[in-house]
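Visitor: Sequence:
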Amino acid sequence: MHGRRRRKPARREPLARKAQLSCARGAIPGHDIRGGSRVATTSLVAAARVDRTIRTVRGLRVILDADLARLYKVDTRTLVQAVKRNISRFPADFMIELTAGEAANLRSQSVISSSRHGGRRTAPYAFTEQGVAMLSSVLHSRRAIRAQRDQRADGAAEGRAQADRISAMRPAALLLAALAAAACGGRSTAVRHAVERAATAMGSDLRLTAWTDDDGSANRAFDAVVAEFERLDALMSVWRAGSDVVRINAAAGERAVPVSAEVREALRAARQVSEWTGGKFDVTFGALSDIWKFDYQNQDDSVPAPDAIRARLPLVDYRAIEIDDRAGTVFARRKGMRVHLGGIGKGYAVERAVGILRRAGLHDFLVQAGGDLYVAGQKDGRPWRLGIADPRRPDRTFATIELSDSTFSTSGDYSRAFVKDGVRYHHILDPATGQPARGCRSVTIVADSPLVADGLSTGVFVLGPEAGMALIERLPNVEGVIVSAGNEVIVSSGLKAKVAIVAAPTDAP
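Numbering (our numbering), first residue to last: 1 to 509.
Worth flagging that the hints you see were computed from the coordinates, not collected in a lab.
One should not assume that every hint holds.
Unchecked claim - In silico DSS-like cross-links for lysine-lysine, where the CA-CA straight-line distance does not exceed 25 Å: (1) 420 <-> 293; (2) 379 <-> 498; (3) 496 <-> 379; (4) 293 <-> 335.
As the list claims (entries may be wrong) - Distance windows between CB atoms, simulated: (5) 438 <-> 394: 17 to 25 Å; (6) 325 <-> 508: 42 to 50 Å; (7) 435 <-> 394: 18 to 26 Å; (8) 334 <-> 383: 46 to 54 Å; (9) 242 <-> 385: 35 to 43 Å; (10) 502 <-> 334: 46 to 54 Å; (11) 402 <-> 504: 19 to 27 Å; (12) 363 <-> 227: 17 to 25 Å; (13) 466 <-> 394: 21 to 29 Å; (14) 255 <-> 383: 48 to 56 Å; (15) 319 <-> 474: 20 to 28 Å; (16) 268 <-> 223: 28 to 36 Å; (17) 265 <-> 404: 21 to 29 Å; (18) 203 <-> 508: 22 to 30 Å.
The C-beta atom is built at its ideal place from N, Cα and C for all residues, glycine as well.
With the hints as extra help, turn the sequences into a complete structure.
Guide: Shown next as structure tokens:
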């Protein structure tokens, strides 16, 4: 190289590699990066200041989502020049060299490819978690800017000019702006992005997403939500010894039991839904659950004898549950009664989660527990777009809907179900017959309250498509989508302009 002496690359300390390696393992927030998926691979030859020492960085692999790479056109030369000309602005933990073992493992998964520079193999580097967050934020920022340009109102000249100026910035300039802000600890220029959490709660998958520029606050709020789900499950579960519901059932027909305010509140809401639906929603269906065994891990797909079902029907009656708020007690009047909050408990927990996230200062977020979901504000500057599952192919959606500050709850005959002799048996039981309800395949309720929507989706399912839709149309701030047993899609009047049917639901038994 014309007599220029090549600087020998130095290696980072093992602690930094262990703590900060992220991107090479596919952990780009908000994007699905994994072996076999479409990725764009870029080599970056640059220099980075680390612990006051300049170290030559060779053969860096930048793994980005293919669509984002095409959209933002982040090319090798742009990044190389940006780094070389602004070396002092990069934080020390922006990138990290991979060990030989890590590189070999990633090559075996086709995540990175072998590369040669000057006739010999170059050392693979990867962005650290901090570097990944910076790049992801920049990409999301440019996408949001383009969306704003598409939607800007006529006459907003200054807004157009500002958007044009920002959009015209080269990717490298935006990258450096984000790096400088992060390195200086500045919050004023932070870019909003998705912060996500997945957990298991109340026997269902719990999913939390927030669009924010403050990861720390979002994650602390998520911790509080997960803890609240666990606390409520300890009060409402029919499986956890000592829960309020277990104690109510154990004392049925004998005495009132002191219970928490949360359980009393959920039972009062359940009674309201029971009255709206004429008893088609009933939390005392628990008397039937142990003979149908839909809630049991060892479900054997057996159908209970008609006599066994008829013997339990007198124990199914929501009016026999006494709630005494002054004494703080609940009494199930008939011995053998079993309260089961499975049709309303998750909705109650989602409603509590919404309150936690709002008090934490979050405005744009999603909370989903099984079929119960709430969305607040917007996702990346647009309303949240949600899919309604195809009852016969739940892995696909047959309709989409855009919502903001609303809840969305679906009940269907496709979960906790089995088909025997050509007949589908599922967990949504008609309190009047003790048999699975037959009028619908799925019911989706859109409302203001997750608690109300959870109970109504079950009650409307049992009512059937005609009576169920009539109830939806009568109730204020409630809308719905019903797939009937005949595979007809029925949409309430307030949703017809918001629901898009993308494909007819699959027609199968």
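Visitor: Each hint: holds or not?
Guide: Hints, verified against the model:
| no. | hint | in the structure |
| --- | --- | --- |
| 1 | 420 <-> 293 | holds (15 Å) |
| 2 | 379 <-> 498 | holds (17 Å) |
| 3 | 496 <-> 379 | holds (22 Å) |
| 4 | 293 <-> 335 | holds (20 Å) |
| 5 | 438 <-> 394: 17 to 25 Å | holds (19 Å) |
| 6 | 325 <-> 508: 42 to 50 Å | holds (47 Å) |
| 7 | 435 <-> 394: 18 to 26 Å | holds (23 Å) |
| 8 | 334 <-> 383: 46 to 54 Å | holds (47 Å) |
| 9 | 242 <-> 385: 35 to 43 Å | holds (42 Å) |
| 10 | 502 <-> 334: 46 to 54 Å | holds (48 Å) |
| 11 | 402 <-> 504: 19 to 27 Å | holds (21 Å) |
| 12 | 363 <-> 227: 17 to 25 Å | holds (22 Å) |
| 13 | 466 <-> 394: 21 to 29 Å | holds (25 Å) |
| 14 | 255 <-> 383: 48 to 56 Å | holds (50 Å) |
| 15 | 319 <-> 474: 20 to 28 Å | holds (22 Å) |
| 16 | 268 <-> 223: 28 to 36 Å | holds (29 Å) |
| 17 | 265 <-> 404: 21 to 29 Å | holds (26 Å) |
| 18 | 203 <-> 508: 22 to 30 Å | holds (26 Å) |
No hint from the list above goes unmet by this structure.
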